[in-house]
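2 protein chains.
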Amino acid sequence: MSIAKKMKYSISQSSMIRKMFEEGIQLKRKYGVDKVYDFSLGNPNVEQPDEFKKELIALAGEEIPLKHGYAPNAGYPETREAIAAKIRKTTGVKMTADHIIMSCGAGGALNVILKSLLDPDDEVIVLAPYFVEYPFYIDNFGGIVKYVSTRQDFSLDLAAIQDAIHERTKAIIINSPNNPTGRVYSQDEIDGLSRLLDERGKALGKRIYLISDEPYAEIVFDGLTVPSVLAACSNSIIAYSYSKTLSLPGERIGYIAVNPDIHEAADWIGALILCTRILGFVHAPALMQRIVARLQDVSVDVLVYQKKRDLLCDGLARAGYQFEKPQGAFYLFVKSPVPDDVEFVKLLLKKNILVVPGSGFGGPGYFRIAFCVDDATIVNSMAGFAEAIKECGLSS
Amino acid sequence: MSIAKKMKYSISQSSMIRKMFEEGIQLKRKYGVDKVYDFSLGNPNVEQPDEFKKELIALAGEEIPLKHGYAPNAGYPETREAIAAKIRKTTGVKMTADHIIMSCGAGGALNVILKSLLDPDDEVIVLAPYFVEYPFYIDNFGGIVKYVSTRQDFSLDLAAIQDAIHERTKAIIINSPNNPTGRVYSQDEIDGLSRLLDERGKALGKRIYLISDEPYAEIVFDGLTVPSVLAACSNSIIAYSYSKTLSLPGERIGYIAVNPDIHEAADWIGALILCTRILGFVHAPALMQRIVARLQDVSVDVLVYQKKRDLLCDGLARAGYQFEKPQGAFYLFVKSPVPDDVEFVKLLLKKNILVVPGSGFGGPGYFRIAFCVDDATIVNSMAGFAEAIKECGLSS
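Protein chains in written order, with numbering that gives the first Met the number 0: chain P, 0 to 395; chain X, 0 to 395.
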């Protein structure tokens, strides 16, 4: 064995999402793209906003000194100020450019935050069902994952969180709108969580940080707004990505926003900048930093996703599936008609439908549908979904 | 203390290069940009090749499905095939697209390689003077750095490397052309190193991998070519970046090339792809992946750098400085006229000249000049360099 011992195990445990993605490529080769219904990956098919396309074309032709050169590790000051101004305006929090560190997407941001924070064997609370990468991110820096389930409707279970906190607890990661459930935590839930972390921290003589992973913050439905974690909780830190807001997941652009009132803010900022550098990110991609500075008030058309959600939810409900209707993001977490979600996912695969077993998200008995796909994919998959549930003897 | 205990120490030890960079910004504000001679950072001032500019403008306007979407974690197959084809052509090594994993620059590549490889307390040999980030990268994954000095002329000291290898040794990192010395290792040196690693590995019943950090591979002078590590050593793996080849350090685009003959190649590739994902890189920036696929035979005009090197070396030699003339990259590692390099760097700072103390690179008694700057900066700095050495009583 030559590579790290841990790797072989990690590879075997690795993301079922990607496995479905690869499987999808094979199926599409065999049956044709329009005969395979691939709901496996959160790879938005929605076009970038026109403003983005125009800015990219404009910027491509502009002469700027050191246009593609190194930026300060934290990012271009003008980009960071544009983001800080947006946060000030929308939340009232006294954010400055110094509190913004540009990142390679939210995934990069979370790794930088966790490396800055964790000593070996520190615990981080992760709420199940969870985004599959969190346990890896925490383990990267010697942290221990403490899983806490959400309630039946995927809302926060504050009592369970309270029970999970002890002297090694350093942080909790939340993700709202949530992948894989589409849940948006209410103002009351966020306020309650903030109070709880504050009280438990005081009782333990320490701080427990609220790490909020917010790549879907702009993707919310039915006129809902996402409560501001920064406004509700002083010991909070945000990982944001433009991947979904501007439909650019491949470009790896996002940021970290540190609450100006966070305990030991200067240490945090110093550590985050250092970790951005020494983890090899160096800084976020230059061209994209310049573009997002100009597009703070732009996002994809959320109604497009809302329509897809409705199309999917209506169809599946008619077929007899059970689920909580998503309030945001572009995922639906559906109860598997049979207890073994992996088995049901294999049944769907026979209908050329690709979804991901809930087990991969710490939510066994469910499966995840990523509905950032063509409307036609949703519509044409419905026959297969109906057949599958019927074969389990469970259709409506 | 809230953040990780290690961070506070790391921040205090952190890069002197960046400190000089920040200092430079202050000095420039005070004296004006043309009165400050900033040689602190390897941020190429040389323009991108015209072909790059044209491709960027063309690509900005092109309609491509999922143009900015997620790629497979290893990168776009067509980009990887273009790179593999180039390597096959230039080295004769039977490289395939499967052996190429796109990365966020060489810094990202090295982190992914080291995470894939290292178990806690594994040792990695680093040759001093060294690129300042290597010790951080190794420490990120619990590895231990074993420093081995190069010889007086910065060539490989094979006997010292041999002595440093023992049962915990897992790899050696080399960097040719070298930052900070500009040294290019000869075919004999690379062949000798390869044999040594092979023999010592066999004696110890294991493999010792050769990790070759090659961001300057195309920046070589006087018609020199850099010997292929892939052709010379089967247990080798390359970290490459387009930062210097195309003058794009801010865009974070590079790749990992795994030797097709490496021990347990499939495990390596699986681990590298997984680590790309779980370290939060996910994959390399999409637009840049598409561009570099089209620009495999393009690079900046190396003669521009060669001219700068000559201008600098001639001037400093006249002033009485001692150094090995760089064969590649855009750094000159100069002997400090006084034993304490930090003291001499402070003296240069009084002349508005910013360079980096050799101590930061594990090369005390030297300082580094990054000559990727305007010719005028080089020419106009010469008076200050001459004054400084004169003040040490050591001018020619």
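Hints were generated in silico from the structure; no laboratory data involved. Keep in mind that the hints are not guaranteed to be accurate.
Computed list of lysine-lysine pairs in DSS-like fashion (alpha-carbon distance at most 27 Å, straight line) [stated by the list, open to error]:
{"#": "1", "chain 1": "P", "residue 1": "K53", "chain 2": "X", "residue 2": "K334"}
{"#": "2", "chain 1": "X", "residue 1": "K7", "chain 2": "P", "residue 2": "K93"}
{"#": "3", "chain 1": "P", "residue 1": "K201", "chain 2": "X", "residue 2": "K7"}
{"#": "4", "chain 1": "P", "residue 1": "K7", "chain 2": "X", "residue 2": "K66"}
{"#": "5", "chain 1": "X", "residue 1": "K306", "chain 2": "P", "residue 2": "K4"}
{"#": "6", "chain 1": "X", "residue 1": "K53", "chain 2": "P", "residue 2": "K66"}
{"#": "7", "chain 1": "X", "residue 1": "K4", "chain 2": "P", "residue 2": "K5"}
{"#": "8", "chain 1": "X", "residue 1": "K7", "chain 2": "P", "residue 2": "K66"}
{"#": "9", "chain 1": "X", "residue 1": "K27", "chain 2": "X", "residue 2": "K306"}
Quick caveat: nothing in here was measured; it's all calculated off a predicted structure.
Each hint tested on the structure:
Pair hint P/K53 plus X/K334 does not hold up; C-alpha atoms about 51 Å apart against a cutoff of 27 Å. For the hint linking X/K7 to P/K93, the alpha-carbon distance of about 26 Å falls within 27 Å, and the restraint holds. Distance restraint check for P/K201 and X/K7: the Cα-Cα separation of roughly 23 Å lies within the 27 Å cut-off, and the hinted pair is therefore satisfied. With a C-alpha separation of about 33 Å, the suggested pair P/K7 and X/K66 falls outside the 27 Å cut-off, and the hint is violated.
Proposed proximity of X/K306 and P/K4 is contradicted: the alpha carbons are some 48 Å apart, above 27 Å. For the hint pairing X/K53 with P/K66, the CA-to-CA distance comes to about 15 Å; that is within 27 Å, so the pair holds. For the proposed pair X/K4 and P/K5, the alpha carbon gap of about 25 Å is at most 27 Å, so the pair holds. This hinted pair does not check out: X/K7 and P/K66 have alpha carbons roughly 33 Å apart, beyond 27 Å.
Distance check on the hinted pair: X/K27 and X/K306 sit about 25 Å apart at the alpha-carbon level, within 27 Å; holds.
In the structure shown, a violation is registered for the earlier hints numbered 1, 4, 5 and 8, in ascending order.
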